[in-house]
Amino acid sequence: MHGAVARFLDHLRVERNLSPRTLEAYGRDLRCMTAELARHQVTRPGEVSAVHLARWQRALATQGLAAASQIRALAAARQFFAFLVRRRELAHDPTQAVSAPKRRRGLPKVVSLGEARSLVEAPAGDTPRALRDRAMLELL
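Each residue of the sequence shown is one higher than the one before, starting from 1 at the first, in the numbering used here.
Some hints could be false.
To be verified - Distance ranges between label pairs, derived from CB positions:
#1 ALA25 - ARG105: 21 to 29 Å
#2 SER69 - HIS40: 17 to 25 Å
#3 ARG28 - ALA100: 17 to 25 Å
Bear in mind the hints are in silico, worked out from the structure with no lab data behind them. Ideal Cβ positions, reconstructed from N, Cα and C, are used throughout, including at glycine.
Let the hints inform the model, and build the full structure from the sequences given.
Next up, the structure:
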């Protein structure tokens, strides 16, 4: 598995010209995946199933990894397995049967009354532009 990961990272570096930081993140995510797979005696890409990948995702979640980081790690795995399928090193992509965790969306932050007042009063002067800007802000 490590040889396939190395070939994939070389492909990203040489053919796709990705930045060193992006390559580092891909490498870290894929090393994490291969370590989890090795714990279950899965050492070759052809042995990986959707069940193994779901187990890996659960491990990431129990480690307290944020949903955005879990999504990024799964994206790295998807690109890795798609690369192997394109090169005919794998017959099918096991990540196709795996869904990404949902990213929680928080509520937008609300401005305080003082901040809203400062914003509306920001356009100073009696020029047509200042009056227009103030009217637009008051409508918001």
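Hint-by-hint comparison with the structure:
no.	hint	in the structure
1	ALA25 - ARG105: 21 to 29 Å	holds (23 Å)
2	SER69 - HIS40: 17 to 25 Å	holds (22 Å)
3	ARG28 - ALA100: 17 to 25 Å	holds (18 Å)
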